[in-house]
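Work out the full structure, taking the sequences as your base and the hints as a guide.
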Amino acid sequence: MKKTLALQIHDLTVAYKFKPVLWDIDLSVPTGVMMAIVGPNGAGKSTLIKSVLNIVKPVAGTVTFFGKPYHSIRSKITYVPQKSSVDWDFPTTVLDLVMMGTYGKLGWIKRPGKKERKLALQAIEKVGLTGFERQQISQLSGGQQQRVFLARALVQQADLYFMDEPFQGIDATTEKAIIKILKELIEDNKTVIAVHHDLQTIVEYFDYIAFLNIRKIAEGKVEDVFTNENLEKTYGASFNLARHGQNIMQSPV
Amino acid sequence: MEFIIEILSDYTTRTIALGTSLLGLISGLMGTWAVLRRQSLLGDAVAHASLPGIALAFLITGVKNSLFFFIGAAIAGWIATAWVSNITRNTKIKTDTALAIAIALFFGFGMVLITFIQRTPNANQGGLESFLFGQAATLLREDILIMAITAAITIIIVLLLWKEFKLLAFDPQHAHTTGVNIKVLDIILNSLIVIAIVIGLQSVGVVLMSAMLIAPAAAARQWTDRLGAMAILASLFGLLSGIAGTGISSFAPLLPTGPLIVLVSIFIVTISFLFAPKRGLVAQYTLKQKSKKRIALDSMLINLFEICCQHSDPQHLHSVNILKPMPDYNKATIKKLSEQGLITLTKQKEWCLTEKGITNARRIIKNGGSS
Chain A
1 MKKTLALQIH DLTVAYKFKP VLWDIDLSVP TGVMMAIVGP NGAGKSTLIK SVLNIVKPVA
61 GTVTFFGKPY HSIRSKITYV PQKSSVDWDF PTTVLDLVMM GTYGKLGWIK RPGKKERKLA
121 LQAIEKVGLT GFERQQISQL SGGQQQRVFL ARALVQQADL YFMDEPFQGI DATTEKAIIK
181 ILKELIEDNK TVIAVHHDLQ TIVEYFDYIA FLNIRKIAEG KVEDVFTNEN LEKTYGASFN
241 LARHGQNIMQ SPV
Chain B
1 MEFIIEILSD YTTRTIALGT SLLGLISGLM GTWAVLRRQS LLGDAVAHAS LPGIALAFLI
61 TGVKNSLFFF IGAAIAGWIA TAWVSNITRN TKIKTDTALA IAIALFFGFG MVLITFIQRT
121 PNANQGGLES FLFGQAATLL REDILIMAIT AAITIIIVLL LWKEFKLLAF DPQHAHTTGV
181 NIKVLDIILN SLIVIAIVIG LQSVGVVLMS AMLIAPAAAA RQWTDRLGAM AILASLFGLL
241 SGIAGTGISS FAPLLPTGPL IVLVSIFIVT ISFLFAPKRG LVAQYTLKQK SKKRIALDSM
301 LINLFEICCQ HSDPQHLHSV NILKPMPDYN KATIKKLSEQ GLITLTKQKE WCLTEKGITN
361 ARRIIKNGGS S
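Protein sequences appear in the order of chains A and B. Quick note: the first sequence, position 96, residue 96 per the working numbering, numbers continuous. Quick note: the second sequence, position 172, residue 172 per the working numbering, numbers continuous.
By construction, these hints were calculated from the structure, which means they are not laboratory data. There could be a bad hint or two in this list.
[As the list claims (entries may be wrong)] Among the chain B residues that face chain A by a calculated CB cut under 7 Å, a handful are:
1. Leu167
2. Phe170
3. Gln173
4. Thr177
5. Thr178
6. Gly179
7. Val180
8. Asp225
9. Arg226
10. Met230
From the three backbone atoms N, C-alpha and C, an ideal C-beta is built for every residue, glycine too.
Next up, the structure:
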């Protein structure tokens, strides 16, 4: 059986004014992979996610999810933004924030009810925040903030998860806990696409990878393309992980 | 009480109080969203921008009619909002710069028009300049009716779209990905904010109106961590400011109503910033002092414990004088420790740790803090 592609991007170009931020990107992501998007600062990693989700309007290109355009399959896709993108002093509780993930499906005007509440409580339990339901979000630590964001995504019961730097500024325990939840999603044949910075954990966490620096440098299975050659192409010639004794794949001969 | 009876018994005062409390209520309610969306300055731009709208409404219709003024002001305010958000989106100009330019441009244009109208020979032209600083005394029954209807519509829309507005205010990008039409919502919310400002112009004036949008909401945020409670409280603070401002000026007719309303709302803000539980300055200061004292006690207890550990018997008697070279020694701390039953003091000015003191010290060392 041929696996459908979770995400397919053709010739995607994004420009702010006349400066291209992403240029002519082609990308095919199979269903059920955990994919890292890596690249230096300003490579357009966040912009790639945002333009795919139509938060930023691309100037050219087509994007399909499971073979369909975004607007017809929106409920199957969820987005976990960088946690610094919101005001954590907003007057709301953990439970309420997680419930916000259910609002889109509810439609306008309708109020969330028991079903939504139950979903939210389950998601909160899954991310290990039981007991924090009534907590003010301003009192959460960085790791807890990231867990709440993940819970808000989980209640959407999506098939494709976009995450923008999910491990930014959180401790090792939380990172491991989040990875465990994501791996469970993968086992359920969900797809996760995450912007990731820590090249040391690529092999451990991800099985698929895309190298990005305005243009796409390479994409594929981590075991095939996570090579010094691609890292140098992406980050510059002076970059060499092996020299620092890091764990990377050997370049294919 | 007399105060309220006085307001209610006089017809003119009653009309004005009704109008100003309505404007307070609505600006408090919509200000909640403006404050949470960090759009505090937008209110200022809308208020100033409405001036040319009012002037143009008069020039086009040739009559002084509140409804036309409302409509003119709302359209001009709305254009300013759209213009600002367009500029910020499509150029490198930042929001604050765009707002400042919008305020100057629209207000300047408005002043030119108002002066022009005043200099044309038209018996009807007087009174337009009262929109600058507001003149609550000019409120008529018809004005109150318009205000009441708009207020009712605003409240109903806010209640119906409560969860959508919450999404928009907290995380619009995520909301967009859940299928909520952010653009339409943004237009609706901004329009309601424009309306809230416009219905207050006649009483409070172009210059001070933005304060009515921000002050009640900023004060309300201090007292609660819940969005619903914040909106209700902000509406009440606005309403209270309206009634109190009107009341004060009915006792002191030389004082203008609009600015008094704004001053009352600023007074509420000051009280809230100082005395609100948890977020208030006083509460924060007390909390800091308390934790400072606790840390001092903890570190003293640990120091005593460490001295005692040098002896085979942890309850070995020591002279108080031995403590004096310690960096954070003071008599009050020693007294506090003995009051809490952590050490005992003998008459010979000797001290020793109690059982409770020893267990506490061990726990502090283990947990890195007593609570």
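Against the structure shown, which of the earlier numbered hints fail to hold, in ascending order? none
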